[in-house]
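Residue numbers (the working numbering), protein chains in the order written: chain A, 14 to 430; chain B, 4 to 280; chain C, 259 to 564.
FYI, nobody ran anything at the bench for these hints, they're computed from the structure.
Glycine included, C-beta positions come from ideal geometry on N, C-alpha and C.
Keep in mind that the hints are not guaranteed to be accurate.
[Stated by the list, open to error] Pairs of lysine-lysine residues, derived as DSS-like cross-links and limited to a Cα-Cα distance of at most 25 Å, are as follows: (1) Lys275/C / Lys267/B; (2) Lys321/C / Lys428/A; (3) Lys108/A / Lys156/A; (4) Lys108/A / Lys241/A; (5) Lys185/B / Lys275/C; (6) Lys371/C / Lys267/B; (7) Lys371/C / Lys8/B.
[Claimed, not checked] FRET-style restraints, in silico, Cβ to Cβ: (8) Ala533/C / Pro335/A: 26 to 36 Å; (9) Arg256/A / Phe475/C: 36 to 46 Å; (10) Trp18/B / Leu413/C: 15 to 25 Å.
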Amino acid sequence: MATNTEIGIAVLVIIGIIVSASTLFYTLDLTSRIAAIEEKLPPTLTVIGPWAGKEMEAFLPALQRFERLTGYKVVFKTFRAEDLAPILPAQFAAKKALGDVIFMWASFIREQAPDGHILEVTDQIDKADFSTGTYDPVTVDGKLWGGAYTGKVKPGFWYRNSTFAKYNLTQYIPAANGTYADFVTLLNKIEDTGAFENPIVSGDKDGWPLTDATEHFLITYGDPQLQKDLLAGDVSWTSTEVRAIFADRLVPLLAGNFSEPIDWTTGVELLWEEEYALYFMGSWITGMVDDPDDLGVFSLPGVEGFVFAADYFFIPAYTEHPEEAKELLDFLVSEEAQSVQVAQGGHLATNLDVPLTAYPVVDKRVAELMVGKELLLDLDDTIGGEFQTTLWSQLRLLWTSPTALDSVLAAIEAKAP
Amino acid sequence: MKIRKTTIIIHVIAWSVALIWILPFLGVLMTSIRPFNEVLFGWWNFADFHPSFNNFVEAWNHPNVPLGIGMRNSFLVAIPSTLIPMLVASLAAYGFARFSFPIRDYIFAFIVLIMAVPQQMIAVPIFQIMNSLGLVDNYVGLILVHSAWGLAWIILFMRNFFLTLPIEIEEAARVDGASDFKIFYKIVLPMALPALASVAVLQFMWVWNDFFLALILIFDSERLLATQRIPLMRGVFFVDWGVLSAASILVMMVPVLIYALLQKYYIQGMIGWTVKG
Amino acid sequence: MRIKIPPFFSLPALIRKSFFAPALILIVFFVVFPVLQTVYISFFSPSDEFVGFDNYFDVLSQKEIVNVEDVSKGLSQPFGLGALVHNMIWISIHLPLSLFSGLILAIILRDVKGASIVKSAIFLGMVTPMIVGGIILRFTFEKNVGIVNGLLTFLGLEQLTRSWMAYAETTLFALIFGSVWLWTGFSMIVYSAGLTTIPKEYYEAAKIDGASSFRTFFHITFPLLKPMTITVVTMTLLWELKIFDIVFVAAGVSGGPGGAANVLALQMWNWAFRAFDFNRAATVATILTALTLVITIWMTRYMVKK
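Turn these sequences into a full structure, and let the hints steer you where they fit.
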């Protein structure tokens, strides 16, 4: 019967095409994997971090130092925490991991640690070598789950020395023991020059630089303890104390003194082009401008603490090189690695052994501001999760709709710890 | 005289609409070929104009996520993800068009309904399924999912096309003793080539442009597809908009070129599959 | 004696079934099965207890999904009006706007020289990857770099310039108009093809009867284009309900200031990958699917009837 052969052909062709296409690509894939394995003969460690461009170039010297010390190969890949958040949990479920050492939000490390996805590193780290509280965000039940590399501080408002000199503004920079009124005076003087779109440019990227500025206000006009209480969930965002800081100090500046939120990389350029006079930003700004020596910085008068955001990293339980990864961890938290990093500018060490002489000149200005001040954890990164995105989006709302203050605070409180 | 006036007005309107429509794309192009501080106050200012293609070279050989490799990967995924569903769906579509059996229309309606399901609906389970098959971070897995998701619309499209073919030729062949399968590949498929071209163009473009499924299933940095690489070109503290724009243009070029060259098939694909049954 | 094979298993019938087999296998494994799994998860609590429709009541009572407590404040309240409402606003503005601008363009372009170039320019948005479209939109509406403000300045409306995506009141509308820009090409192309199928005699007859061009349009052209209209409406509705990439890229993960441009698909993503609450995410996905199914059933009835 002719149809018999026809069935054979029909079925075979269909199955054949699917199978052959599958095997073709599977083998393609396999060969690339074998090639990858062969390449790894001296172990290759993959480090995942959020930095690109100049920030990445500032990180690579530390990794190169490690390569020279150990003879291992280290590959760096850029993945921002926002990009990792949706990918990693799925990978963990598959007992896979993107890299051997991964930089990520502390909140994420805490969240995943109890499920066995992350290697415990308690024995690797002596907390006494580091600034107080550095390791709290990656501690669960007294055990440590991640390392703290260097970090960034958010010291206050940056300006161009040359711009301030040009418009005779330097004399109005508020002194550390000054008042809120002094700060407002400066803003008014900037306004009076008529040369700027707004006195302060508000950098925005889904809302996070706005949270940094807000925290600075909360720490200055509340106190460092207030920020810690908010972090712990001991104080409500709708309390009179918190509300008063927003209503009396921040909100009056939003109409006119702060600009509308602007893409924050563009903000740096606009500060440089003298479109705006001030920019609230973290210490990494020094690595982003053409001439860091032209940058000046001051904090709100009376501030007693600064947010210091360490870059945390962890070793996934599914790494193929756990011992080598631990060696890299030991190196990244060491005085040696952190000295190399801080020398590139914009970073501050968590390791207390790093000498002040390791810092470039620009960062000395930041270091001066910080003398005698308390270091605090970053509010939104430390809590993470839905609170983080809610805080971001609510502050973006507040920036352009200051009258919504009460409902904004209520919305933040609803997701707060 | 009056007619000429309206003709002129219509031309002016039509061409200005086209111009306005293209402006945002020009913005991306300008950002990609000019230094960022030149476009800071609008790319339409040409006081300073220093075009260069450095950003394209940089995006192509990006140190972290080279777009060149991403484009190659995207082809590796998009070609089989186009061919497999084309063949599989044509078979089924022919069945729906020509064979009658009791629950045929219900199955067909069910398949059409699948077109409505948002991809988000399978985000979580598809990862678990692929993981248990060992096909996570593997193009085979992604190709299978793309193929399965393309089937619904291709079946609908091809079935509608087959219905327009004259059944007499097939019946004559059947009288001559040709089997169903022989009729399909000897007679029907050759006649269906234009329709298949439309299917290929559309399906290829959709797979190429996909971001969501790739995001879930592919994560090894060597294997990332082109669309996945664009967001990864920015770091947390540093965004080089010039390189990002250049990368966007490079990724866009493939569907734009296909559209430019195979416009006829693309448009037939866009309209043919929903209009008539 | 020969065994009689039931018709269902007879050889020709089996051949014919083999036509369907590969397609059905792929669809069952990679579409139907995961979809059912998502529906299943939506009836369970995170601790795997069966909770019936509780997740649905819970999700629909979240301010992120529906927030009509204080509509008078409009979008500038926390969470805007809720993702579901935003999707509805999206539909009510984007659908008529893109449909009619496509139709008008299709009609105008019949008599224009170089129409194919104009069409290609407008259609470019349809072939652009959505993730690129989102990046373009983000820039188009920025204060200094964006062309929208450039055009406003050109027209002497300088006081209107702003970063449109930064304000709760305008984010959603900026995105909607941006999506009209991306999507109008679809209705234009479909209607253009539809217009070529209308015989010239119809118009000549109408002209002889002395009908005005408006009457001709509403009594002849538009009714004859009904199949195209159904196509455009259906596909546009599905696209609007599933919209994700451009909001994700242009307005950010949190869906704009105070979530003023949040949409269902983005909220699902946030619950799944931010809060790691897969049950809630599955519930949103199921609601989204239910909405799209209603629309598709309507279309299918029209198409299978024929």
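- Query: Could one say that the CB atoms of Trp18/B and Leu413/C fall in the range 15 to 25 Å?
  - Reply: 19 Å, holds
- Satisfaction of the hinted span 26 to 36 Å by the C-beta atoms belonging to Ala533/C and Pro335/A: The hinted range 26 to 36 Å holds for Ala533/C and Pro335/A, with Cβ atoms some 30 Å apart.
- Item | Pair hint outcome, Lys321/C versus Lys428/A [Cα-Cα no greater than 25 Å] | Between Lys321/C and Lys428/A the Cα gap is close to 12 Å, so the pair holds against 25 Å.
- Query: Given the hinted pair Lys108/A and Lys156/A, is their alpha-carbon gap at most 25 Å?
  - Reply: It holds: about 22 Å lies between the C-alpha atoms, which stays within 25 Å.
- Message: Next pair to validate is Lys371/C with Lys8/B; report whether the Cα-Cα distance is within 25 Å.
- Response: 15 Å, holds
- Does Lys275/C pair with Lys267/B here, judged by a C-alpha cut-off of 25 Å? 34 Å, violated
- Pair hint outcome, Lys185/B versus Lys275/C [Cα-Cα no greater than 25 Å]: 15 Å, holds
- Does the structure keep Lys371/C and Lys267/B at a Cα separation of 25 Å or less? 18 Å, holds
- Could you tell me whether the CB distance from Arg256/A to Phe475/C stays inside 36 to 46 Å? For Arg256/A and Phe475/C the Cβ distance comes to about 59 Å; the hint is violated.
- Message: Need the status of pair Lys108/A, Lys241/A: alpha-carbon distance at most 25 Å?
- Response: Roughly 36 Å separates the two Cα atoms, so the pair is violated.
In the structure shown, a violation is registered for the earlier hints numbered 1, 4, 9, in ascending order.
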